[in-house]
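*Asks:* Listed below, chain by chain, are the residues.
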Amino acid sequence: MKEPLIEFKDFTFRYKSQTEATLHDINLTIYKHQKVLILGASGSGKSTLAHCINGLIPFSFEGEIKGSCQVAGIETINASIFDLSKQVGTVLQDSDAQFVGLSVGEDIAFSLENENVLRKEMLTKVLDAATVVGMQDFLAAVPYRLSGGQKQKVSLAGVIHEDVQILLFDEPLASLDPAMGKTAIELIDDLHNLNHKTVIIIEHRLEDVLHRPIDRVILMDEGRIVADTTPDELLVSNLLSTYGIREPLYLSALKHAGCEVLASDGPCDVHTMNLSRFEEKLKAFKDRYVASVNKQYQQKLIEVNHVSFAYDKVNVLKNVTFDIYSGEKIAIIGKNGAGKSTMAKMLCGVIRPDQGFIHINASDYRQMTIKELGAMIGYVMQNPNQMLVKDIIKDEVGLALKLRKMTDEQIEERVNEVLKTCNLHAMRNWPVSAVSYGQRKRITIAAMLALKPTVILLDEPTAGQDYRHYTEILSFLEELHEKMNLTILFITHDMHLAIEYTDRAIVFADGECICDDQVYKVLSDPEIIERANLKQTSLYSLANRIGRSPEALIDQFITLERQGKR
Amino acid sequence: MKDKFLINVVPGDTFLHKLSGTTKVRLFVTLLIFITMSFDLRLILPVFILTLLGVISAKPNWKQVKLIMSVVLFFNLLNIFLFYVANPVVGEYWCGQLTIIGRLSDYFVFPVETFWYLFVRLIKMLTNFMVSLWFITTITPSEFAAGLYSLGVPYKVCTVVSLGFRYIPDIARDYENIKISMQLRGVEMDAKRTKISERLKQMVLILVPLIITSFDRVQTIANGMDLRGYGRHKKRTYYCEHEPTEADKIFQFFTLILFVFSIGYIISVNVWPPQTHMWCPIVWR
Numbered sequence: 002m003k004e005p006l007i008e009f010k011d012f013t014f015r016y017k018s019q020t021e022a023t024l025h026d027i028n029l030t031i032y033k034h035q036k037v038l039i040l041g042a043s044g045s046g047k048s049t050l051a052h053c054i055n056g057l058i059p060f061s062f063e064g065e066i067k068g069s070c071q072v073a074g075i076e077t078i079n080a081s082i083f084d085l086s087k088q089v090g091t092v093l094q095d096s097d098a099q100f101v102g103l104s105v106g107e108d109i110a111f112s113l114e115n116e117n118v119l120r121k122e123m124l125t126k127v128l129d130a131a132t133v134v135g136m137q138d139f140l141a142a143v144p145y146r147l148s149g150g151q152k153q154k155v156s157l158a159g160v161i162h163e164d165v166q167i168l169l170f171d172e173p174l175a176s177l178d179p180a181m182g183k184t185a186i187e188l189i190d191d192l193h194n195l196n197h198k199t200v201i202i203i204e205h206r207l208e209d210v211l212h213r214p215i216d217r218v219i220l221m222d223e224g225r226i227v228a229d230t231t232p233d234e235l236l237v238s239n240l241l242s243t244y245g246i247r248e249p250l251y252l253s254a255l256k257h258a259g260c261e262v263l264a265s266d267g268p269c270d271v272h273t274m275n276l277s278r279f280e281e282k283l284k285a286f287k288d289r290y291v292a293s294v295n296k297q298y299q300q301k302l303i304e305v306n307h308v309s310f311a312y313d314k315v316n317v318l319k320n321v322t323f324d325i326y327s328g329e330k331i332a333i334i335g336k337n338g339a340g341k342s343t344m345a346k347m348l349c350g351v352i353r354p355d356q357g358f359i360h361i362n363a364s365d366y367r368q369m370t371i372k373e374l375g376a377m378i379g380y381v382m383q384n385p386n387q388m389l390v391k392d393i394i395k396d397e398v399g400l401a402l403k404l405r406k407m408t409d410e411q412i413e414e415r416v417n418e419v420l421k422t423c424n425l426h427a428m429r430n431w432p433v434s435a436v437s438y439g440q441r442k443r444i445t446i447a448a449m450l451a452l453k454p455t456v457i458l459l460d461e462p463t464a465g466q467d468y469r470h471y472t473e474i475l476s477f478l479e480e481l482h483e484k485m486n487l488t489i490l491f492i493t494h495d496m497h498l499a500i501e502y503t504d505r506a507i508v509f510a511d512g513e514c515i516c517d518d519q520v521y522k523v524l525s526d527p528e529i530i531e532r533a534n535l536k537q538t539s540l541y542s543l544a545n546r547i548g549r550s551p552e553a554l555i556d557q558f559i560t561l562e563r564q565g566k567r
Numbered sequence: 533m534k535d536k537f538l539i540n541v542v543p544g545d546t547f548l549h550k551l552s553g554t555t556k557v558r559l560f561v562t563l564l565i566f567i568t569m570s571f572d573l574r575l576i577l578p579v580f581i582l583t584l585l586g587v588i589s590a591k592p593n594w595k596q597v598k599l600i601m602s603v604v605l606f607f608n609l610l611n612i613f614l615f616y617v618a619n620p621v622v623g624e625y626w627c628g629q630l631t632i633i634g635r636l637s638d639y640f641v642f643p644v645e646t647f648w649y650l651f652v653r654l655i656k657m658l659t660n661f662m663v664s665l666w667f668i669t670t671i672t673p674s675e676f677a678a679g680l681y682s683l684g685v686p687y688k689v690c691t692v693v694s695l696g697f698r699y700i701p702d703i704a705r706d707y708e709n710i711k712i713s714m715q716l717r718g719v720e721m722d723a724k725r726t727k728i729s730e731r732l733k734q735m736v737l738i739l740v741p742l743i744i745t746s747f748d749r750v751q752t753i754a755n756g757m758d759l760r761g762y763g764r765h766k767k768r769t770y771y772c773e774h775e776p777t778e779a780d781k782i783f784q785f786f787t788l789i790l791f792v793f794s795i796g797y798i799i800s801v802n803v804w805p806p807q808t809h810m811w812c813p814i815v816w817r
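Just so you know, the sequences run in chain order B and F.
Okay, so the first sequence: first residue is 2 according to the numbering used here, each after it adds one.
Okay, so the second sequence: first residue is 533 according to the numbering used here, each after it adds one.
Keep in mind the hints are simulated off the structure, nothing from the lab.
Here a beta-carbon is modelled for each residue, glycine too, at the ideal position from N, C-alpha and C.
Warning: the hint list may mix true and false statements.
As the list claims (entries may be wrong) - Just so you have them, the derived chain F footprint on chain B, three or more residues with Cβ under 8 Å:
#1 50-60
#2 95-103
#3 133-144
#4 204-215
#5 384-391
#6 397-407
Starting from the given sequences, assemble the full structure and let the hints guide the process.
*Replies:* Laid out in structure tokens, this is it:
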């Protein structure tokens, strides 16, 4: 018997500050022990729906509610958030902000503290919860010493000891590197199977979530449910491209090969899906493969030579050597703490090598100030809010020029030029605070371009963005690359980005540069993937299943994808 | 990050560290009252010695302690000097007599009583510092919150304290990032190359995004806390507040006696009969 646990009936919600409703006519029933993925691009209303389930609406976000929403038999409009928190455990996207305790144990205990539980009982409950997520040996650890994945596990432990029935994950993959994301999905699945929780995952990264089985996918767009189906059905429909969700790579590859996948093939898992029907097509596909030719670059721009750097006597960079040529697009990849960001700071001159040297345009960069380097290498940080200081867009873009004492006419001219390149000219007099996150990102890029750098260095340019915005930003960069022959360095752990937009990958692990090669070669080397905390792409698994060399398949795929884009 | 602070987030493992938050906060408050109430060296000196031993036993980061100590010592000596300059015969008020053993001019005389008073004053201020230092080096912010709560402070106030400490490193990291981005755009932060007025202006430039990013975070933190039932009940318990050990009981008992003694002392000195004289063992004729 299916027992309904969450029931939305003709549910509509409008935030107090907005004129339009964010959710329209939601009718949705989620049953006990289901594992549901709520899928949708940013602004589709999926987070608002989650807030309705955990009670943040109407407790923290005021607004107008029509219709009914019942969670475990409680009508949420009348319930307090505290009653709901006994039914629904929520893991927020920002695990740093959810971590309020000063140690792992304290944070897990937070809800028990609020419930006035005696310390004696608390100790065993905390230990139990920590054991469920595998953090039992870290109870005394402080938040600054934990990785993003560990913090998320702590958040999860902090909400499960109320014996909640429902676990709600708000974008659990957003701040994790690929290997951690994989572990998170596995942990969620174990909780679903072993602890019999009803699980709701809010995400837009479909392929990563499908690493473990999902019962049901709810697709949302503009505040409405546009599909309520199984993953297999969803994958073979055209809903994904319509609503801006990325299709799993292996399915894109199969499409390139001309295979028409049906739901009955079981496409939601690359390891088990039925491929026997496509043997011929795959063989023809293989025969079409021509190895790609490496682009040759002539002019050496940056030379990093045996560079080491220690921070508080800990070696953060060890003997790193690589070259960057003018006009290249490079991905600098590796897990958090591998030394990527330190390398970026060093290229910008914020920190300088303890040993080794860096040459830029064949001259020693020790002679250059940060300000001078800033004009050559534009560093775009991950969070645009940390870079924007002026009220008006045009002033923001012109700030660096003003600080370099250029005349007003010169500034005006340069700013207009850059704003036009970045498609921001129409907004030049708008306040910075009035534009969206993606547009702010664009402003930060424009602010860097105003100095006419030869290299632009982007730290996680796609973090926190859905596929649509992601494509937008990256095509924009691609355009700049072509128009201005800009050299682009991406610091990222997004494998899709590396595959689609870069030629070469420099891989860091534990402060060492462990690999520097073509992207497809890097991604088909299991040892490198393991050491860098990356994840095998599904192309790799597909190649193994159809008996092709992963290197060749990934190479062929990249070539086809790029042709497709042009 | 944590190594930059004198305050430890991780509980230490010395005897004083292991006392519960309640014990430490109570002892701290009582000692402050005890030190403030008198100018009696017989009462102050033992506390000075004991807390000094306490600080040593807690094995703090001496590099930081030395720095703070030299600053504190400097300002206290300056304070004492200015006290003397302001009124070289202040000792008469405190000891009831004046024994002048030398003079520089008609104004700058050298009375023994003034020196005695200033000496006691210095020790008193240093003892206050030692009490604070002992307290700061042995308590974690969470224990502090739990201890305050045990004194009847509303827990929302206590949470502000511990939450503040939780997010200081995060804010410091944001600050660092924003500073870097500003430097790259051409804001000169080098102290040698820019005027102070310029640098102040640039600080303001950094503060704007810092405040905005911090405010963004506040909403999320608040949501996370609501979702875990914060503010539901009038009371709460503390995970870090362990059951009183033997040592805790002994210390709390001792604290109680000290507290009662202090209250008695304050009443006897100020109310019945009011006295202004301090204990002054040396009688000069």
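*Asks:* Run every hint past the structure and note whether it holds.
*Replies:* Okay, the hints, checked on the actual structure:
Check result for the stretch 50-60 of chain B against chain F: holds, 4 residues qualifying (beta carbon to beta carbon below 8 Å, three or more required). Given a C-beta distance limit of less than 8 Å, the hint that chain F covers the stretch 95-103 of chain B holds, as 8 residues qualify and 3 suffice. Counting residues of the stretch 133-144 of chain B whose C-beta lies closer than 8 Å to any C-beta of chain F gives 3; at least three are required, and the coverage claim holds. Coverage of the stretch 204-215 of chain B by chain F is violated. Counting CB-CB distances below 8 Å, 0 residues qualify, and the rule asks for three or more.
Using a Cβ-Cβ cut-off of 8 Å, 6 residues of the stretch 384-391 of chain B lie near chain F, which meets the minimum of three, so the contact claim holds. Check result for the stretch 397-407 of chain B against chain F: holds, 4 residues qualifying (beta carbon to beta carbon below 8 Å, three or more required).
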